[in-house]
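**Student:** Next come the chains, spelled out residue by residue.
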Amino acid sequence: MHPRLTLALTLIEAVAILAYAISGFIEARKRRLDAVGTFLVGFATAFGGGTVRDVLLEHRPFYWVEHQTYVIVLFVASLFAPFVLRTLSRLFSERALLVADAIGLGLFSISGTSIALEAGMPAFTATLMGVATGVFGGLIRDVLCNVVPLILRDSRPYATCAFAGCWLYLLLDHFDVDSVYSLIIATAFILIARLVTFKLNVRLPH
Amino acid sequence: MHPRLTLALTLIEAVAILAYAISGFIEARKRRLDAVGTFLVGFATAFGGGTVRDVLLEHRPFYWVEHQTYVIVLFVASLFAPFVLRTLSRLFSERALLVADAIGLGLFSISGTSIALEAGMPAFTATLMGVATGVFGGLIRDVLCNVVPLILRDSRPYATCAFAGCWLYLLLDHFDVDSVYSLIIATAFILIARLVTFKLNVRLPH
Amino acid sequence: MHPRLTLALTLIEAVAILAYAISGFIEARKRRLDAVGTFLVGFATAFGGGTVRDVLLEHRPFYWVEHQTYVIVLFVASLFAPFVLRTLSRLFSERALLVADAIGLGLFSISGTSIALEAGMPAFTATLMGVATGVFGGLIRDVLCNVVPLILRDSRPYATCAFAGCWLYLLLDHFDVDSVYSLIIATAFILIARLVTFKLNVRLPH
Chain A
1 MHPRLTLALT LIEAVAILAY AISGFIEARK RRLDAVGTFL VGFATAFGGG
51 TVRDVLLEHR PFYWVEHQTY VIVLFVASLF APFVLRTLSR LFSERALLVA
101 DAIGLGLFSI SGTSIALEAG MPAFTATLMG VATGVFGGLI RDVLCNVVPL
151 ILRDSRPYAT CAFAGCWLYL LLDHFDVDSV YSLIIATAFI LIARLVTFKL
201 NVRLPH
Chain B
1 MHPRLTLALT LIEAVAILAY AISGFIEARK RRLDAVGTFL VGFATAFGGG
51 TVRDVLLEHR PFYWVEHQTY VIVLFVASLF APFVLRTLSR LFSERALLVA
101 DAIGLGLFSI SGTSIALEAG MPAFTATLMG VATGVFGGLI RDVLCNVVPL
151 ILRDSRPYAT CAFAGCWLYL LLDHFDVDSV YSLIIATAFI LIARLVTFKL
201 NVRLPH
Chain C
1 MHPRLTLALT LIEAVAILAY AISGFIEARK RRLDAVGTFL VGFATAFGGG
51 TVRDVLLEHR PFYWVEHQTY VIVLFVASLF APFVLRTLSR LFSERALLVA
101 DAIGLGLFSI SGTSIALEAG MPAFTATLMG VATGVFGGLI RDVLCNVVPL
151 ILRDSRPYAT CAFAGCWLYL LLDHFDVDSV YSLIIATAFI LIARLVTFKL
201 NVRLPH
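Keeping their order, the protein sequence lines are chains A, B and C. The opening position of the first sequence corresponds to residue 1 in the UniProt record's numbering, with each subsequent residue numbered one higher. The opening position of the second sequence corresponds to residue 1 in the UniProt record's numbering, with each subsequent residue numbered one higher. The opening position of the third sequence corresponds to residue 1 in the UniProt record's numbering, with each subsequent residue numbered one higher.
To be clear, the hints were calculated from the coordinates, so they are not data collected in a lab. Just so you know, not all the hints are guaranteed correct.
[Said to hold, decoys possible] Computed cross-link-like contacts, DSBU-like style, restricted to lysine-lysine with a CA-CA straight-line distance of at most 35 Å: (1) B:K199 / C:K30; (2) C:K199 / A:K30; (3) C:K30 / A:K30; (4) C:K30 / B:K30; (5) C:K30 / C:K199; (6) B:K30 / B:K199; (7) A:K199 / B:K30; (8) A:K30 / B:K30; (9) A:K199 / A:K30.
[Claimed, not checked] A few chain A residues that don't get close to chain B, going by computed Cβ distances all over 10 Å: (10) H2; (11) V15; (12) E58; (13) H67; (14) Q68; (15) I72; (16) S89; (17) L97; (18) L117; (19) V147; (20) D154; (21) F175; (22) A188; (23) L204.
[As the list claims (entries may be wrong)] Below, a sample of chain B positions facing chain C; criterion: calculated Cβ distance under 7 Å: (24) P122; (25) V148; (26) L152; (27) H206.
Every residue, glycine too, gets a C-beta built ideally from N, C-alpha and C.
Bound-form chain A, shown alone (with noise of 0.2 Å):
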């Protein structure tokens, strides 16, 4: 791969990753849950749904070992986390948050997807590890911060629109583009239609 590209996916990675525990920090600052909690709740919304796709899979190590860097600016940023949020939030319009949640919900989704399929198992079971892999995170921080969690009754389509770039992918993969740029188109697509669902305010069936 040209270095420029995995530069770029680098920091598209960690744009995802620090989007979805800031999603976590948020809700956690809501319940107002202490600093273990807002830790804890940032982990498993940024690393909850890898976790369990690689419990699944029986696939190891786990990515927030492999990049324990990772873990400890989540550690250090929520000993501060009041700070940090509204620092962030002069920074980053809220437009920012909902982009980067959604780069999240691809590259998660499809990285999913193609690790599933490397794990042998078949095209739809890859497809649901995959939306798994990008909606799991925030589940798991719903039912921590006791709630029904978001995805299950949110009709805005979330989990929709990483289920059709899955299968973008693997229409992809089938016709053998090579799996980087599959993996960007795919997970642009689902980018592309959060974004538009999201603005069009279109509703899933209740």
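Given chain A, put chains B and C in place with the hints provided.
**Tutor:** Here is chains B and C on its own, set in the frame of chain A:
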């Protein structure tokens, strides 16, 4: 095994899985979840118990990976959940659902015990894993729907019937009864125990 | 190891496991769970942390599979939970329960860290897995009882004491202190840190 017996067992299994999934669908509708939530809660109710057991035992592949058809059927059904549930409630009485659920409890608990024994678990642990196979689906359903799990507070014998049936299975196994027959006898025992205690309104100490 | 030391450690372990199980029983009674719920919540509180750690590390057999006697004792105790809890509250003060729970926190966290290190985890991850061993039992207890987990919102240092003790253990390990002694010293540190911060009403930033 006689082909008719195989067919009968496959049919019983399908009834059991669908009964569990429907109990997930019903709970999901009650909590006003969307199509994603309906699918996920139905899936978790039907396959959650076996998945937890397999994770604990490091047993793969999961049942639902080997039998993807069930997952696809649940997926399609969850898209039309209101219609599916309306049709079912017209075709079957509440009593039929209770019987189907009790068949599931019996079949999942006994097959769970048998898988745990094969994995080398000691007797008491094997029965616990059997009961977990039968009841953890409903437990996950209730955690996702943000209510105290029914299995923990409903004082009517449910896990208790399963537990007794698992020990009956161990006993039959000890006396070298053919495993298909012990499976059928112990499953039937759980089914009958559940229906009789339900009818007689037996209660556990509270 | 000196046989008296082995006996002492076994006794400490029994105290720790029972203290955790009792905290599960108490919460279960408070939520008016039945005998099944009391057993399951007690079991999850006592063994949940170690089980999650072992699943993450692919470490088998589980402690409770190797030491079935504990599970059987919990099973019987849960059948007579009202009587058991009444008797315990007559024999022991609330302070005694607090001390027993703090012993559990220390012992589980340090032994969890040690098992994670043996499994090849890097230092920071090992301490996280140690703390998880100590606190995830209570977290699962609270999720099952449908409340926001105490560990996430109680601003009194609990996980924090465990975390500090795990790093003390790593430090002692680094200086080649015999592992039994580092276990005892670090566990004692957590016990004392928990009791002192509780007594002085120390609070984490909120």
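**Student:** None of the hints should be skipped; say for each whether it holds.
**Tutor:** Hints, verified against the model:
Restraint check: the Cα-Cα separation between K199 of chain B and K30 of chain C comes to about 29 Å, which is no more than 35 Å; the hinted pair holds. Only pairs whose Cα atoms come within 35 Å are accepted, and K199 of chain C paired with K30 of chain A is accepted, the gap being roughly 29 Å. A hinted pair counts as satisfied when its Cα atoms are at most 35 Å apart, and K30 of chain C with K30 of chain A qualifies at roughly 26 Å. This hinted pair checks out: K30 of chain C and K30 of chain B have alpha carbons roughly 26 Å apart, not beyond 35 Å.
Only pairs whose Cα atoms come within 35 Å are accepted, and K30 of chain C paired with K199 of chain C is accepted, the gap being roughly 25 Å. For a cut-off of 35 Å, the pair hint linking K30 of chain B to K199 of chain B stands: about 25 Å separates their Cα positions. Only pairs whose Cα atoms come within 35 Å are accepted, and K199 of chain A paired with K30 of chain B is accepted, the gap being roughly 29 Å. Proximity of K30 of chain A to K30 of chain B is assessed by CA-CA distance (about 26 Å); at most 35 Å being required, the pair is judged to hold.
Of the pairs offered as hints, the one joining K199 of chain A and K30 of chain A holds, with about 25 Å between alpha carbons and a cut-off of 35 Å not exceeded. Once the 10 Å rule is applied to beta carbons, H2 of chain A is consistent with being away from chain B; the minimum gap is 36 Å. No beta-carbon of chain B comes within 10 Å of the beta-carbon of V15 of chain A; the shortest separation is about 25 Å. Not every CB of chain B is more than 10 Å from the CB of E58 of chain A (nearest about 7 Å), against its label as outside the interface.
With a least beta-carbon separation of about 24 Å from chain B, H67 of chain A lies farther than 10 Å from that chain, consistent with its non-interface assignment. Separation of Q68 of chain A from chain B is adequate, the least Cβ-Cβ distance of about 24 Å exceeding the 10 Å criterion. A cut-off of 10 Å between C-beta atoms confirms that I72 of chain A is not in contact with chain B; the least separation is 28 Å. Even its closest Cβ contact with chain B, about 28 Å, leaves S89 of chain A beyond 10 Å, as expected for a residue assigned away from the interface.
Remark: the non-interface label on L97 of chain A is consistent with the geometry, its nearest Cβ contact in chain B lying 22 Å away (cut-off 10 Å). No beta-carbon of chain B comes within 10 Å of the beta-carbon of L117 of chain A; the shortest separation is about 13 Å. Once the 10 Å rule is applied to beta carbons, V147 of chain A is inconsistent with being away from chain B; the minimum gap is 6 Å. In this structure D154 of chain A is not separated from chain B by more than 10 Å, as the shortest Cβ-Cβ distance comes to only about 7 Å.
Distance check on F175 of chain A: its Cβ is at least 23 Å (rounded) from any Cβ of chain B, clearing the 10 Å threshold; non-interface status holds. With a closest Cβ-Cβ approach of about 22 Å to chain B, A188 of chain A is found to remain outside the 10 Å limit, as its non-interface label requires. The claim that L204 of chain A lies off the interface is violated: its Cβ sits roughly 5 Å from the closest Cβ of chain B, which falls inside the 10 Å cut-off. Contact between P122 of chain B and chain C, as hinted, is supported at the beta carbon level, the nearest pair being about 6 Å apart and thus within 7 Å.
Checking V148 of chain B against chain C by beta carbon gives a least distance of about 5 Å; that is within 7 Å, so the hint holds. The closest approach between the C-beta of L152 of chain B and any C-beta of chain C is roughly 3 Å, which is under the 7 Å cut-off, so the hint is satisfied. A distance limit of 7 Å between C-beta atoms decides the matter here; for H206 of chain B the minimum to chain C is near 5 Å, and the interface restraint holds.
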